[in-house]
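Colleague: Below are the chains, spelled out letter by letter.
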Amino acid sequence: MIGSDLLGIENLERSDIERILHTAVHMREVGEREVKKVPTLRGRTIVNLFFESSTRTRASFEIAGKRLSADVVNFSPSTSSMRKAESILDTARTLDAMDPDAVIVRHEVSGVPKCIADVLDAPVINAGDGAHEHPTQALLDLFTVQQEKGRIDGLTVTIVGDILHSRVARSNIYGFLKMGAEVRVAAPPPMIPPAIEELGVKSYTSLREALDGADVVMALRIQSERLAGSYFPSVREYAATFGLDRSKLHYAKEDAIVMHPGPVNRGVELAHDLADHRPSVILDQVRNGVAIRMAVLYLYAGRKRERGQSRSAS
Amino acid sequence: MNRILLRGGRLLDPASGRDERSDVLLEDGVVKASGAGLAASGAQVIDAAGCWIAPGFVDLHCHLREPGQEYKEDIASGGRAAVAGGFTSVACMANTHPVNDDPAMTDYILDRARQDSPARVLPIAAATRGLEGKVMTEMVTLVAAGAVAFSDDGKTIMDSGVMRRVLQYSRLVDVPVIVHCEDRTLVADGVVNEGPVSTRLGLPGNPAVAEEVHIARDLLLAEATGARLHVAHVSTAGGVAMIRRARERGICVTAEVTPHHLMLTDAAALGFDTNTKVAPPLRSDADRKACREGLVDGTLDAIATDHAPHAVHEKDLEFTQAPPGMIGFETALALVLDLVRQGELTPLELVRRLSTNPARILHRPGGSLAPGAPADVVVVDPERRWTYDPAKGYSKSRNSPWAGQTLTGRARLTFVAGRLVYDVERGVVAP
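Line order of the protein sequences matches chains A and B. According to this note's numbering, the residues represented by the first sequence are 1 to 314, in order. According to this note's numbering, the residues represented by the second sequence are 1001 to 1431, in order.
Isolated chain B, as found in the complex (with noise of 0.2 angstroms):
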């Protein structure tokens, strides 16, 4: 019987609203029990003084590369890059090769996650086949498979027709469909955001009217189906509005945003890094501020990594040749408690957009410290320092603008169903 007790922390259960000083006992997979005092009788203690008790993180956006792009990531690395984030369980992109548009490739992932990786891997799988935006896949067998929501992701459906029997038809099936928000005849070429940034790097500029005018297409979709409409990464000041106003007329959409969309604006591509180029771009501050600000108040239900890998030789290139996206994995919790430290966000309310949150937009056990929970747990150090070296990291690429510099705050250890995966001081442990 493999019991964990939890000494002394700083419970944060947002499922229950606890955010109280706490032991936790984990037992036989799940949360058996938790309060001041707990009697170890024989389970493992484990002293969490001075650190956070919370639900494990649940990413809803990340790119796992497998199959096809082993070169980049694989199941197995970002399992352990995920579990060394604090992240429990992560719902993986459907832009695989081939593509994750078949039950059989669902089964694929599933059977290798469980084979190779720390974290619970929660496979999405595409809208359309091929993600060509063309022919819906087949939902219905896809959610038997294990598929947690469907999405084309960066392949935006550009077909508004198209688009509204996905949204229609995934009624069937009771699952979001997540969509990235970018009208791509209005993005062109662009490469950073348009504006002042563009204008002195003689960059092509991707506008944010190209984001918003797609949020506002599938809001109204969205209200038109009734589907569960959610939008990937939003990074516009107008599209937290529009989703803000969505929600208080009674349209079923939820949102997510990005560490990165968080912490950077534009002025980051200045000295053209390429890791600094992501989709949607980063862009203003306004509209960083603005994403805070719908994070705080509700209207962005969850943070989301987006982790995307590519290998150096792939981000060695032109501005406009390199690959979009960053990995995020390991730095996205040191990074969102910026939030906190800058008071705009309690623990608790933190511990909500990465844990609860996101379990409940897919519907899925967890994010809940709940006695009989599933005993994925992090025990985060909020004012650990590091310095973070992706090349010391767990991902196999290293495309992080955050290379090289001093961080505070860590995840110390990760359970995922009870069950010791990643310690600070000796790295991922299973399997």
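Just chain A, with the same shape it has in the complex (with noise of 0.2 angstroms):
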């Protein structure tokens, strides 16, 4: 059973997210019609409440509450100014009164969301908290995989780059994992979380060994601005080491894809006509991204609620 707030991969059955899945493949449907609008939300109001920029997910978010018919208000504090007038649990009562339908939300420390969900009477959904979480990414993810592959038990998922600082290799590992892949990490050393093999998955610093064999290769993107030179040397260094271009992509298995969450650094972590071109898939992506977040906005905002009943007070 889908809980009152998606927070997270971690938390979710696997039933939950084949529940979402399959909603997604009817929204999908939604967004290839001429007329991309149906009436499911009508006079529900959605709240995009971003305290990390973003444009990708934002504007995802904004188009999937549309399609459904729900009224979409953006708010995005940013942190410097909330730090000095009010503290993001003063932000969440002040909304919570506004009555909201479901608020989105993202942050860059992670437990944000969960601690807003925490007083808040509506929905919650996590849209990437710090290095914690970005469920709809993963969720995204898993619908790309199976679109493409026709299933997701028994692949193998390689994930590439800066692991330790990604909400995006998080939600994915467990995702794939519930669904029944096998994953392996692949980074330099210092971008590889500590016991991250207590997750269930395998741990690599080569990443010939990482990509034999595999199904599906995600990379990352890399901060490089942020984290070259201390946990890497040079982006030259790690472009020639972690990068994927096509020949390091013979390691994987023949028929493998290529994800990417976006934005790609281009020459970094993929090569540019592997950004572009099959067997990337990355634009897929992003067109799923809306099927997934209608079907989250469905399943989570659509249920309508007794006020309080749902949580006790706090």
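Hints are computed from structural coordinates only; laboratory data are not their basis. The C-beta atom is built at its ideal place from N, Cα and C for all residues, glycine as well. No false leads were slipped in.
Going by beta-carbon spacing under 7 angstroms, a handful of chain A positions derived as facing chain B:
| hint | residue |
| --- | --- |
| 1 | S87 |
| 2 | G111 |
| 3 | K114 |
| 4 | A131 |
| 5 | R167 |
| 6 | P194 |
Distance ranges between label pairs, derived from CB positions:
| hint | chain 1 | residue 1 | chain 2 | residue 2 | range |
| --- | --- | --- | --- | --- | --- |
| 7 | B | R1385 | A | Q147 | 55 to 61 angstroms |
| 8 | A | E18 | B | V1312 | 40 to 46 angstroms |
| 9 | B | E1293 | A | E254 | 53 to 59 angstroms |
| 10 | A | D118 | B | T1406 | 18 to 24 angstroms |
| 11 | B | D1389 | A | D118 | 15 to 21 angstroms |
| 12 | B | D1316 | A | K66 | 32 to 38 angstroms |
| 13 | B | E1132 | A | A240 | 42 to 48 angstroms |
Dock chain one against chain two, each of which comes alone in its own frame, and use the hints as you go.
Modeller: See below:
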């Protein structure tokens, strides 16, 4: 049974994930119509509460909400002004008093969506918190793999790059493992989180070994300006050792697909031609992102809840 | 003449090794006598059957926040919380505003304490001016003013040259230099123990090696200088092992551990409760067990609370932004009684680590029920069950992960200098 908030993949059951993916199939069909709009969430208010700047994810949620006929409000307080003005919980309580039907939260610090969910009546959808989770990204990645490969069970998925700072990696690790895939991670050692294997993945420092037999290769964005010189020596050396190009991709299965959560640093984690053409499915991921977010909004914001009953007063 | 006879309790006096059913007579601020069947002869008689009678607890490590942050705590509220937890003396860290790096500030704290605090307050002065890790403080003058130890606590002195000279100079005054061992370059932005929990939460990890590197450095400097080093709130198995080896080699080092590092692991942070954010962080279960073993075998001499009050609005922030620390005076005893219930420590040995050893480390009277010792005494009901509500406690702050929990064991009566200051049925009764 799906809970009242979508805070992460870690606490979802496999059946919850399957239900969301199944719903997304129908939502994708809506996006292929000439009139891409259904009245499902008419009269509902969805707030995009983005403390951390984001254009792609916010636009994806906004389009998803609008295709379901919800009223979507964007609220993007900058964290610097927040610090002086009011705490996140004050912001959450203020929003709650306006009776939204769902609040989508992104924040640069892990745990903030959970803390907001603890005080809000409305369902909270995590749109990315720190290096913790980014559940809708993982769901759209699962959906894309499902569409491409016809299954997830039994596949080998290799995630390459800055695992340490990546919420996309964590949510995908939980998601692919729950769906029966084998998950590997590969990165320079400073970017492999301690005890990562306790999550059930295999960790590699050799890209060649990590790619051997992989069905899906997922490259992560490297924050080169922040990390070069401390977590790896230089962008040039990173691109040479962990950047994906067609020759390195030969280590993977012949029909392997390449994924990336975007935006891509071209020539760093992905070679230029690989970013634009098959086997890369990056734009399919973006397209599927709208369908997944429609499914999530439908399942979480579409339910009528008795105010105050779902949560004890806090 | 103020005379109180505690009748028929279990006397626990680690200083003499006595653990026996006994009466204790307090008279004129000192312990007058103890033994079976003492004559009342005009004294106020209090039945202590079923309770422990122990020397009052001495806390080597707390933050009273006065002057400067009285919205979190002040000497009056902190002193009241202390006696409600059975502490009769508390040593307060120097990170007030302004910093306690000047004899006038030490004077001020002692003066406030005399007026406002039912517990004795023992000021720890800064080791360097402004806690900046550069210029050492006037240690001789500060000790003359009443400072009992020196520490920059959480503002760890990273410059090894400064640390060496602080330790060398401290030999003039023969008081401990207390060190919060965390290499700040290894801590970096870490907010929870680095390990499976930091990986799952996606929060920056603070590795055990950050503490271990710094303990290693300070043990070497203590050996080289012959100073008295006291390691605050040890949290890692590696730290415990190094301190154990150093003592075997005769290095003059003592150490403390907090109730929260004895009771909790980093798993407590899994719900993002900022009340579990402390420095050093809650560690792995292996670290927690090593700390308990270190306390049992005497490597870690004392239990200290690191009572660190913060206001609700400060803790209601993002995990990375909330200040580290939890309050501890009122819960410490109930928590560490777990060591007795688990059979790891006898009641006598627990009291030694709460009272006798910390008093010895600070060279203070107390920690003893010998005739003539100050009548700083706690009567403990080890079986009393109670529910902890920080809002009803004496601290001004509420940052405790044990809020709402039912605990077992509580101070029933606390006496300072022979005067009843706390009675669990009536609350703090003086001043």
